[in-house]
Amino acid sequence: MNNFVFALNIIFPIFILLMIGYLVSHIGWMSKKSLKNLNGFIFRLLLPLMLFINIYSMDKASVVSDEAIKTIAAIYLTLICIASVMALILNRTTDLKNSQKGVIIQAWFRGNTIIYGLPVVLSIYGQSSLDKVNLVIISIVPLINVLAVIVLQLYRGKSLNFLAMLLSIIKNPLIIGTALGFAFFYLNIKIPAIILKPITDLSKTATPMAFIVLGGTLELSKIGKNLNLIIFSCIGRLIVTPLIALLVLLAFGVEGVYLGTAVSCLAAPSAVGSFTMASEMDGDADLASLIVVISTVVSVVSIFFWVLVLKTLNLL
Amino acid sequence: MDNLLFALNVIVPIFVLLLVGSIARHLDWIKITTLNDLNRFIFKLPLPLMLFFNIYNMDRDTQFTNDSIKLVLLIIGVFTGIAVFGSFILNRTTKLDSSQKGVLVQAWFRGNTIIFGLPLATSLYGENGLTIVSIIIITAIASSNVIAVILLELYRGENIKAKQLTISVIKNPLLIAAFLGFIFYLINISIPSIILTPLMTLGKTATPLAFIVLGGTLELSKLGKNFKLIIVGSLGRLVGTPLLLVGIGWAIGLRGNYIGSIIAAMATPVAVVSYTMSREMGGDGELAGQIVVVSTFLSVFTLFLWIFFAKTYGIL
Numbered sequence: 001m002n003n004f005v006f007a008l009n010i011i012f013p014i015f016i017l018l019m020i021g022y023l024v025s026h027i028g029w030m031s032k033k034s035l036k037n038l039n040g041f042i043f044r045l046l047l048p049l050m051l052f053i054n055i056y057s058m059d060k061a062s063v064v065s066d067e068a069i070k071t072i073a074a075i076y077l078t079l080i081c082i083a084s085v086m087a088l089i090l091n092r093t094t095d096l097k098n099s100q101k102g103v104i105i106q107a108w109f110r111g112n113t114i115i116y117g118l119p120v121v122l123s124i125y126g127q128s129s130l131d132k133v134n135l136v137i138i139s140i141v142p143l144i145n146v147l148a149v150i151v152l153q154l155y156r157g158k159s160l161n162f163l164a165m166l167l168s169i170i171k172n173p174l175i176i177g178t179a180l181g182f183a184f185f186y187l188n189i190k191i192p193a194i195i196l197k198p199i200t201d202l203s204k205t206a207t208p209m210a211f212i213v214l215g216g217t218l219e220l221s222k223i224g225k226n227l228n229l230i231i232f233s234c235i236g237r238l239i240v241t242p243l244i245a246l247l248v249l250l251a252f253g254v255e256g257v258y259l260g261t262a263v264s265c266l267a268a269p270s271a272v273g274s275f276t277m278a279s280e281m282d283g284d285a286d287l288a289s290l291i292v293v294i295s296t297v298v299s300v301v302s303i304f305f306w307v308l309v310l311k312t313l314n315l316l
Numbered sequence: 001m002d003n004l005l006f007a008l009n010v011i012v013p014i015f016v017l018l019l020v021g022s023i024a025r026h027l028d029w030i031k032i033t034t035l036n037d038l039n040r041f042i043f044k045l046p047l048p049l050m051l052f053f054n055i056y057n058m059d060r061d062t063q064f065t066n067d068s069i070k071l072v073l074l075i076i077g078v079f080t081g082i083a084v085f086g087s088f089i090l091n092r093t094t095k096l097d098s099s100q101k102g103v104l105v106q107a108w109f110r111g112n113t114i115i116f117g118l119p120l121a122t123s124l125y126g127e128n129g130l131t132i133v134s135i136i137i138i139t140a141i142a143s144s145n146v147i148a149v150i151l152l153e154l155y156r157g158e159n160i161k162a163k164q165l166t167i168s169v170i171k172n173p174l175l176i177a178a179f180l181g182f183i184f185y186l187i188n189i190s191i192p193s194i195i196l197t198p199l200m201t202l203g204k205t206a207t208p209l210a211f212i213v214l215g216g217t218l219e220l221s222k223l224g225k226n227f228k229l230i231i232v233g234s235l236g237r238l239v240g241t242p243l244l245l246v247g248i249g250w251a252i253g254l255r256g257n258y259i260g261s262i263i264a265a266m267a268t269p270v271a272v273v274s275y276t277m278s279r280e281m282g283g284d285g286e287l288a289g290q291i292v293v294v295s296t297f298l299s300v301f302t303l304f305l306w307i308f309f310a311k312t313y314g315i316l
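Protein sequences appear in the order of chains A and B.
According to our numbering, the residues represented by the first sequence are 1 to 316, in order.
According to our numbering, the residues represented by the second sequence are 1 to 316, in order.
Possibly wrong hints are sitting among the right ones.
[As the list claims (entries may be wrong)] In silico DSS-like pairs for lysine-lysine, Cα to Cα no more than 27 angstroms straight-line: (1) K44(B) <-> K197(A); (2) K36(A) <-> K204(B); (3) K163(B) <-> K204(A).
Just so you know, these hints were derived from the structure itself, not from any lab.
Note that the structure is a prediction, hence the values are computed from the model and not measured.
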C-alpha cells in the first residue's frame with residue numbers, strides 16, 4: 001500500500017503540470033503555435049543545458065566501484081540491444097510509418113530516470129545510498145539521450161548516406177550538450193559561479209516547461225487510433241525492458257542496492273523529453289505524448305509490482 | 001573593491017540570461033510571437049505563483065518590535081507616496097503618454113528585491129542577520145506589486161469608471177496571488193506537498209524565463225529615443241527612492257541595522273517583472289525593459305557608492 005501511495009506522490013505533480021499546460025492552451029494564454037515553438041526552444045537550449053549541467057556537476061568523488069561499473073555495463077548492453085532488436089523487429093514485421101517506429105523504440109528504452117527513477121531509489125534505499133548508486137543513475141541519462149537521438153535521426157525518413165547521418169547526429173543539441181558536459185567534466189574545466197548559476201536556473205525550467213507544452217498539445221482524442229501502439233510501447237517500457245534488464249543484471253552478477261537501483265530506474269515511465277525530441281525530430285509527436293501520459297498513469301500500478309518483485313527476490 | 005566585485009557577481013548572471021534570450025531570438029530558436037505568448041503566460045501563472053509562495057512561506061517566528069512595525073509602515077508609506085506624488089508631478093509637468101508615466105513611476109519604487117536585495121543583505125549580514133531584511137523584502141514585494149497593479153491599471157488609458165477599475169484591479173493575477181498568499185499564511189493552511197512541489201517548480205521558472213523574454217525582445221538601438229526617461233527611471237530607483245527611505249527612516253528614529261538593511265534591500269535596480277507586467281497591462285513595455293537593463297547595469301556603480309557611504313558613516 002505504501003508503494004502505491006508513493007507512486008501517486010510522484011505522478012501527481014506531473015499531472016498537475018500537464019493539466020496546467022492543458023488549461024494554458026485551452027484558455028488561450030498560449031497558442032498552439034507558440035507551444036510548438038517553445039518546444040523547439042526547450043529542445044535546442046533547455047534540455048541540452050539540463051544534460052550538460054547534470055554531467056558537469058557529477059560528483060568526482062562518487063564511488064567508482066567495480067560493482068557500479070558492472071551495473072552500468074549491464075544497463076548499457078541491455079538498452080542498446082533492446083533498441084537494435086526492436087528496430088529489427090519493427091522493420092521486418094510491421095508496416096508502421098517511420099515516424100511511429102522511432103517513437104515506439106524510444107519508448108522501450110527511454111524512461112524518466114531523474115524525475116521518476118531517482119525518487120523511487122531514494123525512497124527505497126534512503127539518501128545515504130545515493131553515494132553508492134549516484135554514478136549508475138547519472139550514467140543512464142546520457143546513454144538514453146544519445147540512443148534516442150540516433151534512433152529518431154535514423155527514422156527521420158530522409159535517406160542519408162552514412163556520413164551525412166553521422167553529421168546530423170553529431171549536430172543534435174542534446175549530443176552537443178552531452179559531449180560538452182563530459183568534456184568539461186573530464187578536463188576539469190570549472191565554470192565561474194556567475195555563469196554557472198544563471199544557466200543552472202535556466203536548465204531547471206526545462207522539465208516543468210516540457211510538461212506544460214506536452215499538456216498543452218496533448219490530443220487525447222487520438223488515443224483510439226493509436227491504442228495498439230500505445231499499449232505495446234507501455235508494456236515495453238514498464239514491463240519488458242525492466243524485466244530483460246533484471247535478467248541481464250542477474251547474469252552479470254549485480255546484486256543488492258545496485259540491482260534495485262537499476263531496475264527502479266529502468267522501470268520508470270516514458271520521459272517527457274521523448275515527446276520534446278520526437279516533436280522536433282519528425283517523430284510522431286502525438287503518439288509520443290500519449291505514451292508519456294499513459295505510461296505515467298499505468299506506472300502507479302507497475303512500479304508497485306516491481307517493488308514487490310524486488311522484495312520477493314530479497315533485494316530490498 | 002570587494003563591494004564592486006559583489007555587485008558584479010549579482011549582475012553578471014542577469015546579463016547572461018539576457019544574452020541567452022537575445023541569442024535564442026537571433027538564431028530564430030524562438031520567435032517573437034512565442035516570446036509574447038510566453039510573457040503573457042509568465043504574467044498569468046509563474047509570476048503570481050512566485051509571489052504567492054513568497055508570502056505563503058514567510059517566516060512565522062518573526063517578532064514584530066516597534067521598530068519593525070515602523071519599518072513596514074515606512075516602506076508602504078514611501079512607496080504609496082512615490083506612486084501618488086510621482087503620478088501627480090508627471091501629470092502636471094510633462095506631456096508623456098499615459099503608458100510611459102505608469103512605467104516610469106513603477107520603476108521608481110519597484111526594485112529587484114529578491115534577486116539583488118537578498119544576496120546583498122546576506123553578504124553584508126550573514127545568513128543569521130536577515131531578520132530585518134526579510135521584513136523589508138516581504139513588505140516591499142507585497143506592497144510594490146499591489147501598488148504597481150493599481151498604478152498601471154489607472155494609466156491604462158481607457159477612461160474607465162471607478163467600479164470597472166476596481167474590478168480589473170481585483171482580477172489581476174498578482175493581486176489574487178498576494179491575497180491568497182496572505183489568506184493561506186494567516187489561516188495557516190498547509191498545502192499538500194504533491195501540489196506544492198509542482199507549483200513551486202513552476203513559480204521558480206518565472207525569473208529566468210522573464211529575463212529570457214526581455215533579452216529576446218530588447219532592442220538596444222532604441223535606447224537613444226527614450227534616453228532621458230530611462231535615466232530618470234533608473235536614477236529614481238537606484239538613488240532617489242533609497243534616499244527617501246533612509247532619510248525618512250532616520251527621521252522616524254530608525255538606526256543602525258535598520259538603516260543598513262534598508263540600503264541593502266532597497267538600493268536595487270528595477271525588477272524584471274515590471275517589464276513583464278507593463279507589457280500585459282498596456283504600459284510602454286519597451287521603455288520598461290530598457291529601464292530594467294540600464295538600471296541593472298548602473299547598479300554596479302550606485303550599489304558600490306551606497307555601501308561605501310554606509311560604511312563611511314558606520315551604518316554597515
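(message) For a quick check of understanding: which of the numbered hints are violated here, in increasing order?
(response) 3
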